[in-house]
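Visitor: Given the coordinates of chain A, work out where chain B should sit on it, guided by the hints.
As they're listed, the protein sequences go chains A and B.
Every letter in the first sequence is one number past the one before it in the numbering used here, and letter 234, counting from 1, is 218.
Every letter in the second sequence is one number past the one before it in the numbering used here, and letter 352, counting from 1, is 336.
Simulated from the structure, these hints should not be mistaken for laboratory data.
A pair holds if it fits inside one copy or across any two, identical chains being indistinguishable in the list.
Straight-line distance between alpha carbons at most 20 angstroms, and here's what the computed DMTMM-like set of lysine to aspartate or glutamate pairs gives:
#1 K(-5) with E156
#2 K296 with D198
#3 K20 with E244
#4 K12 with D402
#5 K7 with D402
#6 K495 with E462
#7 K(-5) with D155
Note that the structure is a prediction, hence the values are computed from the model and not measured.
2 protein chains.
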Amino acid sequence: MDEHRDVCWSKLTPLTFIQRNAKVYAEKTAIVHGDKRYTYAEFGARINQLASALRAAGMKKGDRVAFLVPNIPQMLEAHFAVPLAGGVLVAINTRLSPREVAYILDHSGSTFLFADTELSNVIEPSIGELKSVKHIVNIDDEGIAPTLDGADYEAFLETGSPDELDWVIEDEMELLCINYTSGTTGMPKGVMFSHRGAFINAIGEGIESSLTADSVYLWTLPMFHCNGWCFTWGVTALGGTHVCLRKIEPNVVWDIVANENVTHFNGAPVVLIGLANAENRPKKLTSPLTVTTAGAPPSPTIIATMQELGAKIIHVYGLTETYGPYTVCAPQPGWASLPSDERSQLMARQGVRFVVADGLRVVDEDMNDIPADGEAMGEVVMQGNMVMKGYYDDPEATATAFRGGWFHSGDVAVQHPDGYIELRDRSKDIIISGGENISSIEVEQALYRHEAVLEVAVIGVPHEKWGETPKAFVTLKEGREATEKDIIDFCRDQIAHYKCPTSIEFIALPKTSTGKIQKFVLRDKEWAGRETRIQGN
Amino acid sequence: MDEHRDVCWSKLTPLTFIQRNAKVYAEKTAIVHGDKRYTYAEFGARINQLASALRAAGMKKGDRVAFLVPNIPQMLEAHFAVPLAGGVLVAINTRLSPREVAYILDHSGSTFLFADTELSNVIEPSIGELKSVKHIVNIDDEGIAPTLDGADYEAFLETGSPDELDWVIEDEMELLCINYTSGTTGMPKGVMFSHRGAFINAIGEGIESSLTADSVYLWTLPMFHCNGWCFTWGVTALGGTHVCLRKIEPNVVWDIVANENVTHFNGAPVVLIGLANAENRPKKLTSPLTVTTAGAPPSPTIIATMQELGAKIIHVYGLTETYGPYTVCAPQPGWASLPSDERSQLMARQGVRFVVADGLRVVDEDMNDIPADGEAMGEVVMQGNMVMKGYYDDPEATATAFRGGWFHSGDVAVQHPDGYIELRDRSKDIIISGGENISSIEVEQALYRHEAVLEVAVIGVPHEKWGETPKAFVTLKEGREATEKDIIDFCRDQIAHYKCPTSIEFIALPKTSTGKIQKFVLRDKEWAGRETRIQGN
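Bound-form chain A, shown alone:
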């Protein structure tokens, strides 16, 4: 049927979403940012301006265009304008060090850099040493005078036209953007997304989080994190409203939720912990709110807390390499009538593949499926449209990740008899004590049930007899007290004694810029001077 391909086939690309909705929802609010409001027509016009300005400034097809910008409207504009111009978006984590940012700019070969003026200091040390950046554009969102030599964003926009541009995509599998993973050690790797993959994931997020044109989505999740799990495109696809948020402060979040009638936000469990403990947290929500969470297994306790508040919790799981969420803990009809703690246990599992996702398996080292008995552990592997194209300019890392024709997540999970997967750990986080595998997550979830515990991380530490033994690092809730013995005793009431921590340390936990707890920092300290069992990645 190739003869009629021009009529019956069209490229899957997220560009179609703004092309449609700049017209369909012309007068509707697309973006809220403090007191600013942009309609979809304005959003679309600014995208066209930015895209044509990029082309006018010499951007060529396939050029990488970097954005070092928080969750502000310009970041949303970038998600459509850069690919519309024919470029490849590189959205950089705003919490990285100058050295890491310079590495990403150089490695991606970005020719354009758009930077928020508050982040100029991250660029300054590298100025003059960057290998590929030729153009800098300053985005002044907060009234901070630019210190980098470059154009002003609004002036740059003025050089472009708001008229519609023709797409220059030749292949739907073409490179759309590169997301550098915030590896806990080693230099970041550039995860490549295709137009087709991003279209499918964006639609998939819409389905799994039940986004509609009436949705008001609050940006508590960084847009630099897998393009905000593709919600940058997904919310736009449905014609919902984006509510920007420069910085996450729990009290501010609850104020905006109330004032803007927010219907959806996403966040890692650590964000939910902060929100659940915020002073101005409402006792009970007065209108529907869906919270989609991922990034680490949420403890049943957090799930229960958010549900008591009246929020609908959707638990998803994925990696940057899978465009963000890939699985969802799809609720079953019977779950609603279960006791809250039992339901939360089920909800804490990572679940099943998205409706629009494909291959999902839990395998042993020989790529055989492990038994779905809730006990046997294996590695989660994925395959299909929602898997990245590979790592940018790194065929070796790509080949390793794609060995055996599947993407290897590095996450260890069990599969329950109902088919739902449940993460047990990152490979390196499994604790092997006296020959027994202990899931650090299982121990953490037991500790989260203790009413004084705010946050917890469990790792294996050296032990003369057992090789390793679990140790817990705990942050208590403000004004609450508990001793090491209290917590260990509490834990022993809940799980097998060999799994319980033998020691507790009360500290503020080290975290990555995306809020993941950095176990490797704890591990490095505990294992200083010794060989650790498994290399972290």
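Guide: The following block gives chain B in isolation, referenced to the frame of chain A:
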């Protein structure tokens, strides 16, 4: 990136939906049919059985497999089992004549025919004369003894295995099914759907009708009609529940809506008219119900009636050639606060393209866009993933329909300044009176506002002076009265006098098997012995 295509690319096909949900929702009700209930695991197992039985019976890849069956579970099974086996589904309109059915079986070259025993009489006259059918399978749903020589469906299923089968799809653009259009004149044409197109449309229907895993979908729309607008696949994709319905009787529909907690059904306006006038229609619905309507422009009166009842109306438009619905009248934030009649006027428009659809234009004869002024008329043309692959074994008709690189719908529309399209007529239904174009639909909608009018059809009839003049054929509601003069006067109060019918005839309207009013029957009678202006298709 073709080197990693095996990892980062997978075929888009509706088969993925049942593959996923037979496991994810194994214990959930997939299908309700009277007192029968099938779980998703049972649904999946029966599909595997049917597919492997087909292969065992000699079905080869690409073979056409015809189903002449009403809205019963076997028809849903066919939608997955036939493509799973590698075959091409031909779902035949159950209201066609023996001659038409025989034509479709022969033209499609179907080797298998599955027929409901109640419809045996449609096949009997052709037995022995069918060119390609080698296997007949009788489906006895109602306890009617089979009269055709062939296997029994359940016995046939027994020859297959419930185990999962490997897919045999080589290309996502591969032929999935053929739907013969119920042309008003001439022999039916076979519209070809691809796996990719059906996947995208099914997901699109889910998005536009807000289907979720909690949806309970009642089959008031025939599954033979564009595969039930792809809801056969769409409801399954989301893991909703299908409620089968052998025959549509308005009172029965309302009973099932109440008893099965139906959340969604679809139907042509003529079905809604019947439902709105049913004796046991509830005064006000007690739980949410979404009614998606298409097939003819619904009159604002019908929309208002259903909304007063508490149903959410979604108005969509499309053709068999676009896998069913292609546009949706997406509501704007401001509409909710408009007076009911004003809102209904806006809602009666066909709207804008689906989120997952692509090209949509209204063009003149030279393929130029007509002005979006709500006045200029042009033909609706479409392009992209949601357009058919072409007409089966009819390159000439395909070339005609695809001229200029776009699919020509044959529907005449205006485009309003807000971009929404509104059908004015099929090309042949435009009335040209004294050189003025009159939209028969506009006249019909004016007449629908008359409280005694149940159904109406307006056509142009010969006129000495004006060439043509509008004539209305009207069915009154039971127990209501109105004279020709009443109705004409009523109409003249509403629209330009030259557009008003000059005569009214009170009759029962002739309809196609899918409930479309057959204007050509009325036209043939009125124009007998004369040249009609435009050839019907």
